[in-house]
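K.L.:
Chain A is already provided as a structure; the job is to place chain B on it using the hints.
Chains as they are written, first to last, in numbering that gives the first Met the number 0: chain A, 0 to 260; chain B, 0 to 431.
Take the hints with a grain of salt, since some may be wrong.
[Stated by the list, open to error] Straight-line C-alpha distance at most 20 Å; calculated SDA-like pairs for lysine to any residue:
id	chain 1	residue 1	chain 2	residue 2
1	A	125	B	350
2	A	125	B	354
3	A	125	B	421
4	A	95	B	255
5	A	95	B	416
6	A	95	B	421
7	A	125	B	420
8	A	125	B	251
9	A	95	B	243
10	A	125	B	247
11	A	125	B	373
12	A	125	B	246
13	A	95	B	419
14	A	95	B	254
Worth flagging that the hints you see were computed from the coordinates, not collected in a lab.
Chain by chain, the residues run as shown.
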Amino acid sequence: MLRTGPRRQQDPEPAAEALRLVKVTKTYGSADSAVTALDGVTLGLGHGTFTAVMGPSGSGKSTLLQCAAGLDRPDSGIVRVDGTELTGGGEAELTKFRRGRIGFVFQQYNLLETLTVAQNTVLPLKLAGRRVERRRVREVLTSLGLGDRLGHRPGQLSGGQRQRVAIARALVAEPRVIFADEPTGALDSRSARDVLGLLRQSVRVHGRTVVMVTHDPVAASYADTVLFLADGRLAGRLDAPTADAVAERLAHLGDDLPAGV
Amino acid sequence: MRSIRQRPGRFLATLLSAFLGAGIIMTFNSLHDTAGQPGVDPVSSETLSTAAGVVGGYGTLLVFFAIASTLTVNVRQRAAEMELLRCSGATPAQIKRMVVGEAVAVALVGAALAVGPAMLGGRALLAMFHDSGQVARSVEYSFGTVACLTGFGITLLAATGAAFLAVRRATAGGRRRRGRARTVWAYAALVAGAVAVSSTFAFSATDAALMAPPAQGAILLSVGCALRAPRLLSAVLDRLPLGGASGWLAVRNLRERAGQLAGILMSLIMFTAVATATLTMQAVESDAVAASGAVKSVDAKNLETLNVTVVGIIVVFVCVMLVNSLYAATSYREREFGQQRLAGATPGQVLGTVWAEGLVLTVTGVCFGTLAALAGIVPFTLVRTDRVLPGQMLPVWLAVVAVAAAVTLGTALATARRVLRTPAVRAVAPAA
Chain A
0 MLRTGPRRQQ DPEPAAEALR LVKVTKTYGS ADSAVTALDG VTLGLGHGTF TAVMGPSGSG
60 KSTLLQCAAG LDRPDSGIVR VDGTELTGGG EAELTKFRRG RIGFVFQQYN LLETLTVAQN
120 TVLPLKLAGR RVERRRVREV LTSLGLGDRL GHRPGQLSGG QRQRVAIARA LVAEPRVIFA
180 DEPTGALDSR SARDVLGLLR QSVRVHGRTV VMVTHDPVAA SYADTVLFLA DGRLAGRLDA
240 PTADAVAERL AHLGDDLPAG V
Chain B
0 MRSIRQRPGR FLATLLSAFL GAGIIMTFNS LHDTAGQPGV DPVSSETLST AAGVVGGYGT
60 LLVFFAIAST LTVNVRQRAA EMELLRCSGA TPAQIKRMVV GEAVAVALVG AALAVGPAML
120 GGRALLAMFH DSGQVARSVE YSFGTVACLT GFGITLLAAT GAAFLAVRRA TAGGRRRRGR
180 ARTVWAYAAL VAGAVAVSST FAFSATDAAL MAPPAQGAIL LSVGCALRAP RLLSAVLDRL
240 PLGGASGWLA VRNLRERAGQ LAGILMSLIM FTAVATATLT MQAVESDAVA ASGAVKSVDA
300 KNLETLNVTV VGIIVVFVCV MLVNSLYAAT SYREREFGQQ RLAGATPGQV LGTVWAEGLV
360 LTVTGVCFGT LAALAGIVPF TLVRTDRVLP GQMLPVWLAV VAVAAAVTLG TALATARRVL
420 RTPAVRAVAP AA
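With the rest of the complex left out, here is chain B:
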């Protein structure tokens, strides 16, 4: 615990992801609580449960991976500290207890902080349902056991699990057989994603929950891709014609750190996949409703706004996570940048390296994210409209890619620029 109090800044990234993640989960899952109250009419109850189930379902999945990836980055950055502890007599079990204990503490604080905002968020969601007429006005908001259990449970599970795995990797010393488990997980995620996507076909075109399986499938597929990404990344790198000293350095950095970049790639792939998939599916859904002949009533319009809002929340969350993990990863490289500068790199060359790395990451992430998104979108459109590729996808995709590129390069460069303000000599000095 003392190590948290000494350096609150280090834990800010983890805290932020735990806070946002728990907030999202509790916001949506409190709708379950609301629906479960006695005296709620069946229509209202069903609307609430569907919303909580569909969005809450893939939201939970997202949050889980987001927290896990941030925490992995955090633990890995403390490898030197753990090595020091190990040298000064801490047993691996003690270190494990310390890191996992910290993760639990941060997750608990994050989740506890999120309760208030989640209640407000849930209330706002319910108000929107009231306004759209999908839920009877008489239904009161309730924040109860389901919201609390899932919010705290998922956050804790993700934090503990990630901390445990990361610290085991860090204390194991060698880098033996790390590829094995990763490969297994990658294929498990890919298979699960494929199953989820295929199960879309089991639904009928007008099913309210039709969006859930492809969205979850797209997320799982992006996780699988992210886990496989290091291997594919190095394949891409071998064929890359990046010129200049910055490019040379970037290619070598990326190849060597490919394994560590999986966390950032996961955020990037998930952002591309989730944003493209959900926004496109929502657009297809709206157009399908419109095409079915029903006059676009005020209610339908409300419904559309509501759905877009909900999807928007999730997309913004993933975007924040992307910024978060990129910031954490880049600010950690202060020492490395210092060493490059002492070896004769101008600040411009360091930024050039960061830029080249960001570009390669963006392209890789967008490619795999698009694949995962397509895997979710195609079954959905097939079932919903009997077409293969929706026309709505292109503008959505272009916007998503633009945002992904801007966010990735912007965060990396802005952070690097800030880090470069420290004089090189001080940057390489061993941490006091």
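In isolation and in its complexed conformation, chain A is listed as follows:
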């Protein structure tokens, strides 16, 4: 129902997996002060799945998201989005890779203050040189409860509304994977529930693939699967999570790991 317009810069046939990481390693700093943020992470996520990545601060979850989403390059390992490998290259190439395949939802929304809701939503399409279908943009925004806010600026919206604009922006470009980085981190619990419900809906109804980084067990319980990360390594997995089960797992995350890294 959301398939419209020409799909430039996208791959013709969907691959088996929406996201595949093989032995991805990322180290910050150099020599003696080096910190290993990701230590050989391997994972695969199918199409139409909603995955939460959890872990304590410094566990490498943000780095994982940045490497998987082509915002940063891993030191070694392979990242494949929808079957296409993310290769080296300048920022321009990474950008072109991202904008056909990946959508973002950030904690800080990252909407442009100078643009209206509608303009923010179509910005990725404009930048990618793709055709903008106004009717569909309005449809998506209306379905997110923003139908009467098209001409507003982000500054005139509440946090929850801004995050819904960000979700609309991610949905309109029809990406293969949507990455959400602490999408509810700056929201009150009601707006947070709305946003999480919308993310889940985009998976269930529209068949999107969503990867969400969070430290909130309640947020994680909206996902189909939770992946736990500790000290840069995968440290467990929980299917059909509840908030309590996630919190319990999180509290004992360090227990079965060897001390030190």
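P.N.:
Frame of chain A, contents of chain B only:
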């Protein structure tokens, strides 16, 4: 005060403009001091006072607006910080005190630093007057009360006033009735400029101070134009056929930020107006002297060089201010550029947006600057030579426009390129 010590970089732009501005003012106004010394012969005294009055007069006006515009940009950039302070319990009065206090401190430091260079500059000017024979060799250089008072006074007044107005706007929260006062000021500046320009006709053709009113008038008119510019800018933007995603973004950015761009536009308009007006008038003046039949003596040639030097100093100052305010405004946009990149803009597209914005700004600034310059030049040439448009204007104007375009686009693009080196994810991270 602590906030200055923590982030000296932020205040560098303001400090630089205060330093340069106070330096220029004190350099020229120390000639008043020199002229006022006991035992200076009347001819020397008059030459010095005229130079100080004419150049020092419009120089002071320039410095005032330059400092004010830089400071306004600076305060506006700290809106987020002030919002945070307000949320953590600072009353508007406390914030006001902090910002104005900082502005005063920076202005004082800038002016104090400028004393030394201004003394050297003033000495050099006097030496040139000595060499051209306009001032008796016996006149000693003096740096006294007039120089100090005007230097510190103008710098402080401009800094405090601008900080006060900017912080009031920032803490008021809403954007209510900001257009009103601006419109009033714009018309006041335009009227004052028109009066100054018209008063040119009250002078006789050979009056030494003939250049002062049209030059000051041109400056005031450019300030008036700059204040009105946001409205005119959006009118221009509606008819602009800028293609591509970069152009689309540039037009929307400019329309939304039109009010904030007034500071940069003011620098740009002032540069075009002042450079075109003063350089053209100087050329007309020189040619008129030559045409009056007087054989071009060594003295006359010296005089010409001196005047061109003086005018040159002012033009270079305005040019530096233009670079300064553009740099401050562009480097502040790191977060915005980061957001554009995360939304899928390649670095090339971001630069394309900056380029398109710079182009629109340049064209607008040059247009209004030219109008203001013409308003000053035409009365001057009418009085001096009975012609309407001097032939000397075209080459000067072309050179000025070339410099304005190169400086505007060059600064904006170079700064943006540097800002883009920060990874996009880090650029959008809230300031630690």
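K.L.:
Next, verify each hint and record whether it holds.
P.N.:
Status of each hint after checking the structure:
1. As the CA atoms of residue 125 (chain A) and residue 350 (chain B) are separated by approximately 16 Å, the hinted pair is consistent with the 20 Å bound.
2. Taking the CA atoms of residue 125 (chain A) and residue 354 (chain B), the gap is about 18 Å. The hint holds against a cut of 20 Å.
3. For a cut-off of 20 Å, the pair hint linking residue 125 (chain A) to residue 421 (chain B) is broken: about 24 Å separates their Cα positions.
4. As the CA atoms of residue 95 (chain A) and residue 255 (chain B) are separated by approximately 27 Å, the hinted pair breaks the 20 Å bound.
5. Of the pairs offered as hints, the one joining residue 95 (chain A) and residue 416 (chain B) holds, with about 19 Å between alpha carbons and a cut-off of 20 Å not exceeded.
6. Of the pairs offered as hints, the one joining residue 95 (chain A) and residue 421 (chain B) holds, with about 18 Å between alpha carbons and a cut-off of 20 Å not exceeded.
7. Restraint check for residue 125 (chain A) and residue 420 (chain B): the C-alpha separation of about 23 Å exceeds 20 Å, so the hint is violated.
8. With a CA separation close to 13 Å, the supplied pair residue 125 (chain A) and residue 251 (chain B) stays within the 20 Å bound.
9. Between the alpha carbons of residue 95 (chain A) and residue 243 (chain B) the distance comes to roughly 16 Å, so the proposed pair stays at or under 20 Å and holds.
10. Between residue 125 (chain A) and residue 247 (chain B) the CA atoms are separated by roughly 8 Å; this keeps the pair inside 20 Å, and the hint holds.
11. With a C-alpha separation of about 42 Å, the suggested pair residue 125 (chain A) and residue 373 (chain B) falls outside the 20 Å cut-off, and the hint is violated.
12. Among the hinted pairs, residue 125 (chain A) with residue 246 (chain B) is consistent with the structure: their alpha-carbon atoms are about 11 Å apart, no more than 20 Å.
13. For the hint pairing residue 95 (chain A) with residue 419 (chain B), the CA-to-CA distance comes to about 16 Å; that is within 20 Å, so the pair holds.
14. A threshold of 20 Å between alpha carbons decides the hint, and for residue 95 (chain A) with residue 254 (chain B) the separation of about 28 Å lies outside it, so the pair is violated.
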